[in-house]
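There are 2 protein chains.
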Amino acid sequence: MKKLVFGIDIGGTNTAFGLVDETGEIFGESAISTKSYMRYDDYPRYIEDLAKAMKTLMNGVNFNFELVGIGVGAPNANYYKGTVEIPSNMWKYSEEQVAAGMKEEDRIFHFADDLGKHFAGTPVYITNDANAATIGEMVYGGAKGMKNFIMITLGTGVGSGFVANGEMIYGHDGFAGEFGHVVVERGGRECGCGRKGCLEAYTSANGIKRTAFELLATMNDPSPIREYSFDQLDSAMLSQFAAKGDAIAKECFRLTGQKLGYALADAVTITSPEAIFIFGGLAKAGDLIFDPIKWYMEENMLITFKNKVKVLPSELQNKNAAILGASALVWQAQ
Amino acid sequence: MKKLVFGIDIGGTNTAFGLVDETGEIFGESAISTKSYMRYDDYPRYIEDLAKAMKTLMNGVNFNFELVGIGVGAPNANYYKGTVEIPSNMWKYSEEQVAAGMKEEDRIFHFADDLGKHFAGTPVYITNDANAATIGEMVYGGAKGMKNFIMITLGTGVGSGFVANGEMIYGHDGFAGEFGHVVVERGGRECGCGRKGCLEAYTSANGIKRTAFELLATMNDPSPIREYSFDQLDSAMLSQFAAKGDAIAKECFRLTGQKLGYALADAVTITSPEAIFIFGGLAKAGDLIFDPIKWYMEENMLITFKNKVKVLPSELQNKNAAILGASALVWQAQ
Numbered sequence: 606m607k608k609l610v611f612g613i614d615i616g617g618t619n620t621a622f623g624l625v626d627e628t629g630e631i632f633g634e635s636a637i638s639t640k641s642y643m644r645y646d647d648y649p650r651y652i653e654d655l656a657k658a659m660k661t662l663m664n665g666v667n668f669n670f671e672l673v674g675i676g677v678g679a680p681n682a683n684y685y686k687g688t689v690e691i692p693s694n695m696w697k698y699s700e701e702q703v704a705a706g707m708k709e710e711d712r713i714f715h716f717a718d719d720l721g722k723h724f725a726g727t728p729v730y731i732t733n734d735a736n737a738a739t740i741g742e743m744v745y746g747g748a749k750g751m752k753n754f755i756m757i758t759l760g761t762g763v764g765s766g767f768v769a770n771g772e773m774i775y776g777h778d779g780f781a782g783e784f785g786h787v788v789v790e791r792g793g794r795e796c797g798c799g800r801k802g803c804l805e806a807y808t809s810a811n812g813i814k815r816t817a818f819e820l821l822a823t824m825n826d827p828s829p830i831r832e833y834s835f836d837q838l839d840s841a842m843l844s845q846f847a848a849k850g851d852a853i854a855k856e857c858f859r860l861t862g863q864k865l866g867y868a869l870a871d872a873v874t875i876t877s878p879e880a881i882f883i884f885g886g887l888a889k890a891g892d893l894i895f896d897p898i899k900w901y902m903e904e905n906m907l908i909t910f911k912n913k914v915k916v917l918p919s920e921l922q923n924k925n926a927a928i929l930g931a932s933a934l935v936w937q938a939q
Numbered sequence: 606m607k608k609l610v611f612g613i614d615i616g617g618t619n620t621a622f623g624l625v626d627e628t629g630e631i632f633g634e635s636a637i638s639t640k641s642y643m644r645y646d647d648y649p650r651y652i653e654d655l656a657k658a659m660k661t662l663m664n665g666v667n668f669n670f671e672l673v674g675i676g677v678g679a680p681n682a683n684y685y686k687g688t689v690e691i692p693s694n695m696w697k698y699s700e701e702q703v704a705a706g707m708k709e710e711d712r713i714f715h716f717a718d719d720l721g722k723h724f725a726g727t728p729v730y731i732t733n734d735a736n737a738a739t740i741g742e743m744v745y746g747g748a749k750g751m752k753n754f755i756m757i758t759l760g761t762g763v764g765s766g767f768v769a770n771g772e773m774i775y776g777h778d779g780f781a782g783e784f785g786h787v788v789v790e791r792g793g794r795e796c797g798c799g800r801k802g803c804l805e806a807y808t809s810a811n812g813i814k815r816t817a818f819e820l821l822a823t824m825n826d827p828s829p830i831r832e833y834s835f836d837q838l839d840s841a842m843l844s845q846f847a848a849k850g851d852a853i854a855k856e857c858f859r860l861t862g863q864k865l866g867y868a869l870a871d872a873v874t875i876t877s878p879e880a881i882f883i884f885g886g887l888a889k890a891g892d893l894i895f896d897p898i899k900w901y902m903e904e905n906m907l908i909t910f911k912n913k914v915k916v917l918p919s920e921l922q923n924k925n926a927a928i929l930g931a932s933a934l935v936w937q938a939q
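Protein chains in written order, with my numbering: chain A, 606 to 939; chain B, 606 to 939.
Honestly, the hints are just simulated from the structure, not real lab data. Here the structure is a predicted model, which means the values were calculated and not measured. The reader is advised that the hints may include incorrect statements.
Since the list gives no way to pick one copy over another, a pair counts as held whenever it fits inside one copy or between any two copies.
[Said to hold, decoys possible] As a list, the in silico PhoX-like pairs of lysine-lysine whose alpha-carbon atoms are at most 20 Å apart: (1) Lys889 / Lys855; (2) Lys911 / Lys801; (3) Lys889 / Lys915; (4) Lys814 / Lys855.
So here's chain A without its partners, still in its complex pose (with noise of 0.2 Å):
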């Protein structure tokens, strides 16, 4: 019979599903929204209504087939105890709750164990999206076969998957490859870690349009970006004016591969990886952002590393990734 997997996509917004083989071909898909169970006391009824709608995709697949696990990517996700701990934008305590003394530490939902219920003997594998993104670069994507390599994720935040001896990093306590806040200006721009300098401030979506600011200032050349306030600018429209040949988008981009080929000539000291994948909307950007990361990387590279370690797009980058990575950890388990 033909085996499938769910693999789950948790974003603050929605819910994103889908049954997956182990090529990668996806078998129907659904979604349900996250924004309206954001208390904490909804999260139960969350859970149950995943699952039904889960249950409503399976019985729509017009072929008989085995449910052989599900793999979850979610924020704050811990592989080793199947738990969502503290997550920032969901299932939050009401006022009361918090004037009653419920404390934050202790906000952590046994989501493999609760999802599982509904399928009883079905495993549950739940980790953070960028681990997920990973693992679907090495079952799915350009990783498949390396044993050495390290995924970078550029989004809203900056994600990261290390990949050593055939293995997923998850570290001791299941929560490695947090490189977005590894610090690469001390004292820096303030990091939504509450830190200062994090990777993330500079080199997300939101770090990129920061740097956009920061060269308004710095620099003289009339620019399109200069009609727009910092709420209205995003970093697809830095995209756009940079292919376009505008001097300060351009800057932008070569400012954000510069801190990015820095810390990565620093990570590859570390782990010595094959290949760095870049997944994400800045990725989009092609070589406004590849070739300014490869140059500073290498311009920066020991020695024993240098033109050794290839920077790759990722190769899900137009596929429904969230859901693939998250499908990859099931076969990546088995």
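Given the coordinates of chain A, work out where chain B should sit on it, guided by the hints.
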């Protein structure tokens, strides 16, 4: 029959070796000079003389044993290939050989094969000294049973070994774990590797001395350090002065711990280790160096990892760590 392995530590001056059992007990130890075989053409004779000295040591053991393997720690060693590649202080070309066009990149020694020929059937494993120390800690020391940890060696250079999922990270090319060459100060001090601002330029034995001379310029405190030339001073003297309360020497340790603490906070975001072990001359300074390492690491730690990661002195610190580490390679590979 009792099983023993050889542990061989190749330094620029001497090559020390010993016969070691599974518990780390050393049955006989000896050494030959490395320095007397400095030239490229000396290498074959070096291998022969080393093998001879090893056999002499074996004959001196007064019980029957089985030699199950040979483990070697050497600079620029490649675990996968069994080679020593372009070592800076050994087996160098003569001026005539350079003039004749012999190329640095061809200065590669197939050490494992060459030594192995003298011990037919006995496997030979080779890696760099820091990786050997790491595996020694895992097999005989404080990292026993740990699946995720980092070893930092503070000596003439700064070496490291990263263990994830219970396995040494050798990386794609076998040279991973060069944490001493993470850039901690962009455009900072010149490093022996030809680049600037590497961790090693600040936290090696020579690095802390460089810090002392910087402080002689920036601080006004009287200090015995002022009586020594750069060539006279060494890091052990700084430990002694600091232990007696010398303000400049104490500041040296604080700044060294700060640089290392910052760098370790970044390393933790990548591999999320259970513990970080510190080994080598500077580690002997105890709280003088451990206190600032821990303080600055925690101050800069991403909240996810705060107060989770132990910083510990190596448990092989006062033992024959280099021989033990090299020997551990064999037990680890069994």
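Okay, the hints, checked on the actual structure:
In this assembly of identical chains, lysine 889 and lysine 855 lie within 20 Å of each other by CA distance solely inside one copy; the values are 14 Å within and 50 Å between copies. Taking identical chains as interchangeable, the C-alpha atoms of lysine 911 and lysine 801 lie at most 20 Å apart only when they sit on different chains, with a minimum of 16 Å there against 30 Å within one chain. In the homo-oligomer, the alpha carbons of lysine 889 and lysine 915 lie at most 20 Å apart inside one protomer (17 Å), although the nearest pairing across protomers, at 40 Å, exceeds that limit. When the C-alpha separation of lysine 814 and lysine 855 is checked against a cutoff of 20 Å, the pair qualifies only within one copy, where the shortest distance is 12 Å, while the shortest distance between copies is 43 Å.
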